[in-house]
Every structure is written in structure tokens, then in C-alpha cells.
Amino acid sequence: MKIKLRVEGMTCASCAARVQKGLESIPGVKDVYVNLATEKASMEADGRQTQAAITLIESLGYQARKDSADKEEEQVKGAGILIFSLIMTVPLFMAMILMIVGWHVPLFHRAWFQLIFAAPVQFIAGWRFYRQAWLSLKSLSPGMDLLIAIGTSAAFFFSVYNGFFRDWGGVSPELYFEASAMIITLVLLGKHLEKRAKGKTTRAIRELIGLAPKTALVEGENGAVEKYVEDVEKGDVLIIRPGERIAADGIVTEGVTSVDESMLTGESLPVGKRKGDNITGGTVNLNGSVKVKATRVGEETVLAHIIRIVEEAQGTKAPIQNLADRIAGVFVPFVLSAAFVTFILWMIIAGSPDRGILTAVSVLVIACPCALGLATPTAIMVGTGKGAEWGVLIRNGESLERLRQVTAMVFDKTGTLTTGETHVKSFFVLSNEDENEVAALAVSVERRSEHPFARAVVRWAEHRGISSFEAEKFQAEPGLGVSGVVHGKTIRLGRSAYAGEKAIPDILKKREQEALLRGESVIYLSADNRVSGLMSFGDTMKKEAADVIRRLREQKIETFIMTGDHEKAALSIGQQLGIPPERILSRVQPSEKADKIKELQRKGWVVAMAGDGINDAPALATAHIGMAMGNGTDVAMETGDIVLMRGDLRTVLAALDLSRLTIKKIKQNLFWAFAYNTLGIPLAALGFLQPLIAGAAMAFSSVSVVTNSLSMRRAKQRGLS
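To convert a position in the sequence shown, counted from 1, into the numbering used here, add 22.
Keep in mind the hints are simulated off the structure, nothing from the lab. Idealized CB from N, CA, C, for every residue including glycine. Accuracy of the hints is not assured; some may be wrong.
[As the list claims (entries may be wrong)] Simulated restraints on C-beta separations: (1) THR237 <-> GLY510: 55 to 63 Å; (2) LYS52 <-> LYS590: 48 to 56 Å; (3) LYS689 <-> SER47: 26 to 34 Å; (4) LYS578 <-> GLN497: 36 to 44 Å; (5) ALA246 <-> LYS24: 32 to 40 Å; (6) ILE366 <-> LEU705: 13 to 21 Å; (7) LYS511 <-> LYS256: 45 to 53 Å; (8) ALA74 <-> PHE356: 29 to 37 Å.
Let the sequences and hints guide you as you build the complete structure.
Structure (C-alpha cells):
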């Protein structure tokens with residue numbers, strides 16, 4: 023089972039790596055991922071191993087728990103320590119400023135005065151660094167805390183030595199208490215700002231959770247009863263009043279209304295609902311009062327499914343993160359070595375420890391790998407959250423990264439490129455027949471049938487205002503057609519042989535061939551075994567399909583159609599979309615779809631597959647990226663790496679844009695994190711950066727990486743423009 027724990031106290035990539043390595047050492051625990059940005063650890067393990075995981079994490083010096091209910095309390099506590107540290111640092115900061123401007127206030131420069139304010143900052147506000155540093159040394163996994171602890175301790179104790187034990191011959195001693203205190207305060211401030219910024223990256227999750235109402239009005243034997251949503255059961259009838267959020271997925275049993283489904287589809291236009299229509303929990307009932315029979319409750323609802331996908335995606339990492347992980351593993355030992363070499367060299371050059379200690383402290387402080395650890399997870403969190411707003415649910419970081427590499431896009435036809443709903447495309451009767459009379463006879467029989475063609479005929483007739491009569495002796499012959507008696511006439515609709523006339527008039531045969539070339543299906547109509555006309559049926563192309571195919575081609579992505587339909591129907595669709603015949607895969611059985619995907623992969627294509635049905639599930643799972651249309655089956659949605667909730671093909675373009683944008687942000691973050699340390703360490707070692715400046719720069723680097731990731735929140739849906 024999937025176990026998720028909240029881990030508190032991690033400060034850098036090394037911390038996350040240490041926790042992950044520890045959890046992986048527990049027998050039976052696998053698929054471990056520790057996310058520094060979300061402060062969560064996820065793993066596949068037996069539920070009985072949860073306590074073992076918590077114990078291990080705490081032995082490494084971090085706090086672990088099953089939920090994050092006390093996260094706000096932790097943030098308040100952190101803010102309190104920061105305020106305490108700021109208050110104690112202000113007198114030291116003032117002493118430094120007065121010295122710079124040439125004002126001499128003897129009290130401010132007394133060693134004992136500065137020690138009174140610096141010691142609480144060093145050992146109360148900074149205690150967390152000492153504790154974590156010691157635990158990281160015990161586990162042989164040094165991290166940022168060790169660098170901070172060593173750097174500030176060097177400045178603090180060197181000041182104690184200069185102020186109380188070193189003979190300065192009557193000259194004021196050189197004190198660096200303000201450096202140690204301000205570094206700790208700046209790091210705490212940076213962490214506080216970082217936490218606030220990271221909190222914004224999880225906004226999408228909080229907004230989704232906020233869509234679920236707390237209570238529901240349930241119809242009972244003695245009238246309506248208000249229940250907590252957790253207590254609503256399948257089969258309960260919910261009374262939904264205007265303006266209320268719907269508490270569960272269900273079916274309208276009574277009433278007519280319109281619903282705001284923008285949280286599901288992103289579309290602001292209301293959707294009409296009446297008896298028999300499906301309705302989704304979390305959507306808003308706008309104007310009518312309706313009753314809804316709950317069919318999915320709790321964790322089974324569409325909203326819960328969306329939240330689960332986004333949470334899991336935010337808890338995964340993209341392959342590009344592996345580079346940062348490898349570097350973080352050796353980074354701290356390298357920095358410690360660099361600081362030691364810096365100290366020795368400056369001791370030799372300057373002839374005293376003063377300059378060596380200051381430059382070594384600067385190296386230790388500026389090298390903290392916080393930004394490196396935040397570069398990838400913050401971008402993935404914002405990217406997947408933005409995707410949820412756009413109706414693009416991405417299951418994991420790997421899919422998000424791989425999507426931008428796609429070179430071939432394979433579309434299922436029915437329900438993906440087309441609406442999936444059968445319509446009457448043409449109606450033709452012989453010249454000696456009354457068109458309205460033939461249509462009325464046809465719809466009279468078809469009203470008794472549940473076949474998709476029959477439903478299409480009924481909708482067509484209603485739209486044209488064609489009346490119908492009562493049909494008797496109705497019969498349905500699977501694969502052949504339907505028949506019934508209307509006004510004493512035996513009416514048949516179906517294949518030519520079933521309709522009842524061996525010699526079909528040439529004009530009807532010609533019309534049939536024309537319809538078949540358009541990819542349509544044909545049924546004949548007859549009265550008392552005499553054929554009087556025909557109807558053709560076809561699916562309707564989604565209005566955005568041609569534009570999407572064109573824009574994919576502009577992005578150098580080849581498009582394929584894969585369908586079980588006959589070749590003529592498939593070629594007709596391809597011709598309308600501008601897809602060449604060699605890219606049309608027709609008469610593909612469900613069992614063969616996965617093989618076709620493998621065949622394309624063997625030819626070197628990076629394949630994405632978009633589909634919506636149960637028969638598409640194997641192909642979705644086989645493709646490098648499976649895109650399940652949200653209007654499809656649950657099986658397809660569970661199989662897809664990416665779920666396009668709107669069923670709108672333009673969300674394919676939005677997903678591609680999102681992938682490219684997120685990876686671009688990750689690369690920017692990693693570049694600046696690497697560049698910052700690559701430039702910062704030499705500058706500090708050469709003495710160009712004072713410890714205070716190094717501390718401020720280190721704090722700024724972490725905040726800037728998170729802020730860069732957050733800039734994706736302003737991204738527009740170019741794919742849907």
C-alpha cells in the first residue's frame with residue numbers, strides 16, 4: 023500500500039537524500055520518494071511498517087507524522103523564533119552601522135554587550151542547526167545545517183576569543199558577533215519566506231479540496247436531514263438547492279437546473295441537467311432545485327480522483343532531478359574541503375587566522391545547497407497544479423518531462439477525434455415517395471429501439487418536427503435491423519437484404535456508395551417489402567480537431583489515426599484532417615492496438631496515444647505517454663499517464679505547452695542554483711564576499727528559485743487560445 027508521511031525539519035537536498043536513503047534501507051519498503059518542497063515522504067510498504075518509517079526518520083533528527091494537521095502550528099512557531107532572532111540581532115546590526123558611519127558609541131562595541139545579544143541567537147534561535155548538524159554527522163550524511171553550524175560557530179567563538187582572551191594592546195578588538203547572529207537570522211528569514219512561497223505552490227490542491235462541501239441535505243423517511251459529507255452513502259437522495267455545491271457524484275432523479283462545471287472542464291458556460299443526467303460532486307448548482315441519487319461518494323468521486331492524481335504527481339520527481347540528487351550527495355563534503363583549504367591559504371597569505379576564518383565562514387554559508395534541492399520539486403508542484411486548473415491531470419513528474427519529447431501522436435477515432443455520438447448524416451427517398459411520410463414511419467419504429475442509430479433517428483426527427491405513430495409487433499434482429507407494424511404496414515429498417523427487396527434501385531445504390539466513401543453507415547427503409555429510401559449515419563468530427571492536427575504538425579509532431587472502422591471511413595476522417603493515408607491505421611482490433619503502438623516505437627517514434635475507451639487501455643499503457651480523454655471510461659482514465667478532463671482536443675496542446683514550460687523552469691532553476699554556487703564559492707574564497715553578504719545571497723537564492731517556479735501560475739492556456 024501507499025504510505026505518505028509528513029517530514030518536518032528538512033532544509034536542503036542533502037536532508038531529503040538522507041531521509042530517502044534511510045527509508046530505502048527498511049526491508050520491504052520500495053518506491054521511496056522524499057519531496058523537499060512538499061515536506062512529504064511517500065513509499066510502497068506494508069501498513070505495519072509505518073511506525074518503523076517514523077522511528078527511522080526521527081532517529082535521523084527530523085519529525086515525522088501521518089498527517090499535516092499541525093503544519094500551521096509549526097509555521098507559527100517558526101515565525102516566533104524568527105521574530106526573537108530579529109529582535110536580538112537589531113542591537114548588533116546597529117553597532118555595525120554606527121561603526122560604518124563613524125559614530126562611536128562605546129557601549130555598543132563592548133564585547134560583553136554584543137555577547138549578551140549574540141549568544142541567544144546562536145544557541146536558542148540557532149539550536150536547530152546544531153541539532154541537525156550533529157544528527158547528520160552521526161548518519162554520515164552532512165547537509166546545509168552542518169555548514170551553517172560550523173560557519174556561525176567559527177565567527178561566534180572567534181569573537182569570544184578576540185573579545186575576552188586576546189591582547190589588543192588598548193585597541194578595540196575585532197568582533198564578528200553581528201556576522202554570526204545576522205547569518206542565522208537571514209537563514210531563518212529565508213526559510214520563512216521560502217515556506218510561504220512553497221505554500222503557494224500547493225494552492226491548487228487546497229483549492230480543489232475547498233470545492234468539496236462539508237455537509238449535504240439528504241432525503242429521509244421523515245423529511246430532509248443534514249449529514250456530513252463523510253456520512254453520505256451510495257443510494258442516498260441528495261436535495262440540491264440553487265447556489266449549493268453538489269456533495270457527491272450521482273444521477274438527477276427529479277428537477278431541471280443548470281450547473282457550473284468549470285472546476286471540472288474549465289468552461290464557464292452553464293451545463294443543463296435534467297432527469298437521468300449525470301452530475302459531478304464539487305460542481306455548483308446554479309438556478310434550479312434538483313434531487314440527485316448518489317452513485318459515488320467519498321474517495322470514489324471524480325473530485326477525489328482529481329485531488330489524488332495531483333497530490334501523487336506533486337510527490338514525484340522528474341528524471342532531470344537525478345542530476346541534482348547526485349550533486350547534492352557529494353556537495354557538502356566538497357564545500358567543507360573548500361572551506362578548510364581557504365582557511366589554510368589565507369592563514370599563509372595574511373599571516374593571521376582572522377582573514378582565514380572570515381573567508382572560510384563565507385564559503386560555508388554561501389555554499390548551502392538549498393536552491394539546488396528546491397529547483398525541480400517546486401516547478402513540478404506549480405506545473406501539475408496549473409495543469410489541474412487547465413483540466414490536464416498529470417500523474418507523475420516523469421510523464422511531465424517525457425511529454426515534451428513526443429514525436430508521434432496517435433489518436434483513437436471514435437470519442438477522441440469525433441464526438442462519439444451517432445447522427446443522421448443524410449436522408450434520401452425515391453422520387454415517387456412522400457419524404458415526410460417515410461420519415462414518420464421510420465421514426466415510429468425506431469422509437470422502440472435502443473440502438474445508437476435509433477436514438478440518432480429520434481433526435482433527427484424531433485429536430486425536424488416529424489411526428490410519429492404507435493408501432494406494433496416490434497422486433498429487433500441484432501446485426502440486421504428492426505421492424506414493426508404501423509397503420510397496417512410492415513416497416514423494416516436495416517441492411518438491404520433485411521429491408522426486403524432483392525433489386526435495389528440504382529439511384530439508392532449510388533447514394534449508398536457515396537455515403538460509404540464519406541465513411542458513413544447506411545440502412546435501408548422499406549414498407550411491405552418495398553424499399554422506399556435510405557439513411558446514412560456518421561459520427562461528428564470535433565470542431566477543434568483539424569486545428570489541433572495542424573498545430574501539432576507545426577510543432578513537428580506526426581499524427582496517426584488508429585481505429586477499428588473500415589478503411590473508407592478512416593480515410594475519410596484522415597482526408598478531412600489532412601492526415602496522409604500512410605498514417606491511417608484502420609480495422610485495428612482492440613487486442614492489436616498495443617502491438618501497433620509497439621511497432622511505431624520500434625521505428626524510433628516517441629509515441630503519445632490519446633483514447634477514451636476500454637479498448638484503448640492497453641495502447642494507453644504501452645505508449646510512452648498515454649492520454650486519456652476525461653469524457654471516456656474509468657478504465658481509460660486509470661490507465662493514462664495524463665488525463666484530459668475536458669474531452670477537448672485542444673488540451674493536448676495545453677499539456678504539451680505545460681510540459682515544455684515546466685521543464686524550462688526546472689532548467690532555469692538548476693542553472694541558477696549551479697551558477698550561484700559555482701560563482702559564489704570562488705568569490706567567497708577569494709575574500710570578495712563578507713559573511714553577511716554571503717548569508718543574504720544564500721537566502722535570496724532559495725527564494726528566487728521558488729519565485730521563478732511560481733511565475734508559471736501566470737501562464738496562459740496557449741493550447742486553448
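Here is how each hint holds up against the structure:
1. THR237 <-> GLY510: 55 to 63 Å: Because 60 Å falls inside the window, the suggested range holds.
2. LYS52 <-> LYS590: 48 to 56 Å: 51 Å, holds
3. LYS689 <-> SER47: 26 to 34 Å: For LYS689 and SER47 the Cβ distance comes to about 32 Å; the hint holds.
4. LYS578 <-> GLN497: 36 to 44 Å: At roughly 55 Å between Cβ atoms, GLN497 and LYS578 fall outside 36 to 44 Å, so the hint is violated.
5. ALA246 <-> LYS24: 32 to 40 Å: 38 Å, holds
6. ILE366 <-> LEU705: 13 to 21 Å: Holds, at about 19 Å.
7. LYS511 <-> LYS256: 45 to 53 Å: Cβ of LYS511 to Cβ of LYS256: about 47 Å, so the range 45 to 53 Å holds.
8. ALA74 <-> PHE356: 29 to 37 Å: Cβ of ALA74 to Cβ of PHE356: about 33 Å, so the range 29 to 37 Å holds.
Going down the numbered hints, you'll see the structure goes against just number 4.
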